[in-house]
Amino acid sequence: MTAVRAPTAPGGVPAPVTRVARGRAGIVAVAVLVVLAAAPLFLAPFATTTLTRILVFALFAVSLDLLVGVTGLPSLGHAGYFGAGAYAAGWVSINVTAEAPVPLLAGLAVGAVAAAATGWVTVRSQGVFFLMLTLAIGETLQQVADSWESVTGGANGLTGVPAVRLAGAPLANIGFLYWYVLVFGVVGFAAVALVARSPFGAALRGIRDNEPRMRALGYSTSLYKYAVFVVAGGVAGLAGSLLVAQQRLVSPADLGFTTASFALLAVIIGGAGSLWGACLGAALVIVIRDALDLGGNGTLVLGIVFVLVVYLLPRGVAGLLPRGGRVSAPRRRRASAPPWRKGST
Amino acid sequence: MTEHPAITRRRLLGLFGAAAALPVLSACGSSVGGASGGATTGGGGTVKVGLVVPQSGVYAALGTDMTRGWELWLEQNGGRFGDRTVETVIADEGETPQTGVPAVQKVLQSDAVDVVVGLVNSATALGVGDLLTESKKLLIVTNAGAADVTGKARTPYIWRTSFTNAQVSSAMGTYLAQSGLQGGVYAIAPDYVAGTEVIAGFTAAFVAGGGTVVGEAKPAFGKTTDYQPFLTAIQQSGAKATFCFFSGAEAITFVRQYTEFGLATTIPLFGSGFLTEGSVLPQQAETALGVQTTLHYSDQLDNPANAAFVEAYTAKHGESPSCFSVQSFDAANVLNRALGTATALDGDSLATALGGVGTIDDSPRGPWTFDGQSPRQNMYLRKVEDASGTLVNAVLADLGPQSQSA
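Chains as they are written, first to last, in the numbering used here: chain A, 33 to 377; chain B, 1147 to 1552.
To give a feel for the contact side, a few chain B residues facing chain A, derived at Cβ under 10 Å: (1) S1176; (2) A1206; (3) I1236; (4) E1241; (5) Q1251; (6) Q1255; (7) L1272; (8) G1273; (9) G1275; (10) D1276; (11) L1277; (12) A1292; (13) A1299; (14) D1337; (15) G1341.
Hints listed in this document are in silico derivations from the structure and should not be mistaken for laboratory results. We treat Cβ as the ideally placed atom computed from N, Cα and C, and that holds for glycine.
Assemble the whole structure, with the sequences as input and the hints as a guide.
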């Protein structure tokens, strides 16, 4: 993986995007937002509920994409921070207050703290070791959730979470709740997008593509990886608190391996490195899992989709569009294998 | 990697799009109005029931038994509750609340069912409480045994035709205490809420009857495959009997290892009935011989209702029913009775009607009543025996009625 590549800025920041292309992307983004914002006016309750769940899972997948696609750290334990944030938000809602920003901030903080507490070990490892360490951390967090019954409710889950309150009024209506999740989902997405586009994000892509070179250039790569690990954990925690707002229940399954692998699946289906691709992937995963009536074969269908995507769309759904959107330049596709394939090419 | 023709990708994207559009197409309306959930049409026409049982995951076998029990009752009664035709919508509960809660949401919001029946996982049953309260629909739980479902987290809309974890095990506690067992008992159950409730129920009843628990172990739930260290501890504890609670794959592994370790002959194994119920028994095979359990049902029960039930069930599916089949069979039974007096299909009317159904006298498990919103029912002492080549849970004794709080 240390083959000589065309000298570019760290991480191959895309060639200056033309004003036209940027304008077009802006128009698409605004159109998508308008459609999303208007959706509950036209959709039946279950469709809105499903869309809410998609938004939550999309934010979670986007936070994972920051690790997998942008930094090249394929984590199998990211659901741990998602779940930790969810438990924190749920616990705060029950025991302190369910008033709007409080559960969100609690989820964000606990997600970030959990990532900070565990990240300093994981970011020092690479490849399979990183995979195994994050897997172990996720499993450990799930075990904690399972056993710490006085706080988490154990296997029965944390139930009876009150509805989020906005200026004193509970958000029980499905449509209002959707808008609440949409607003903070967009805020979280924007935050991740800003990080990915910043010079910090460029350094992260540099680490993804060639860590020894970045180190040689004087970047403290461990520090960068640690920082992005904590940011991703925080955003995952935020997504977790939105999950609680919607499902008003947290169970150990929310921070388990299945959740983590579904998120990774969403990222890969969407195209690692593409944030909007991760959102599409998340939508596909949730629709197949929850909304389609597949007679219990949802997971099987997801598996088949995964195999198809790996063979037919090596860069995910995002790879279908040659221009725009994707964080790294399309021409570099041969040089930069997707991060989960490192070492296997 | 070689380039693939673009048409394949386009077709794939089209597939994605189609998959994403499907639920949307069937989902127009508005979510911002006042009332949520489908309108109840009422009238003498139909009653729509959402049967939410596991079709995938580790509980899939239970889901199959429940669907069969439900369908058998409908088949035997013309597919009607009172003068209403029953329309059943089946949804997959999966393993965890992650899939179970959306499934309940789906039948309530998308299929606009009048009643929800099912749920194996206690976390799911507890997690949908608010959902049912807000939509004022009735849920009949056909398995989930957590005490809180109809106890601490009670809502008037959630009723149960199955059992509570402690109800089953406290019957065993009382029985063992009275059986004149000399010496203490070792209690073992997986480290999760159901395990804790089972052990608590057993211990309370056993100690109240004068017994002593000499040791207790909680193997990690769903992660333990080797029980050797626990078996050694049991051996060294000086216990005269072991009480345990396991289900599914863990029940198979534990019973096998217990016998192979040589404990079965010296320290007899007792348990909550799920240890040897349903599909696990054939897999435990002869290692389960002699294991004694308590449960609210056995297909060997000798009463006319059970004889007819077992005969019809076996004729149709080629295997005996389990307690899970009976639990959903009875759910249909009580709904039928409730609809005979209910004025409407909303949760309040149905809950009131359920409160007045009295004794269910034609259940395969024997007569039972609602104690609060969960059954007060007879517990049976069962022993695994070889009945001409097939292992069965032979009924040794009727331990009498047991209430839900036990």
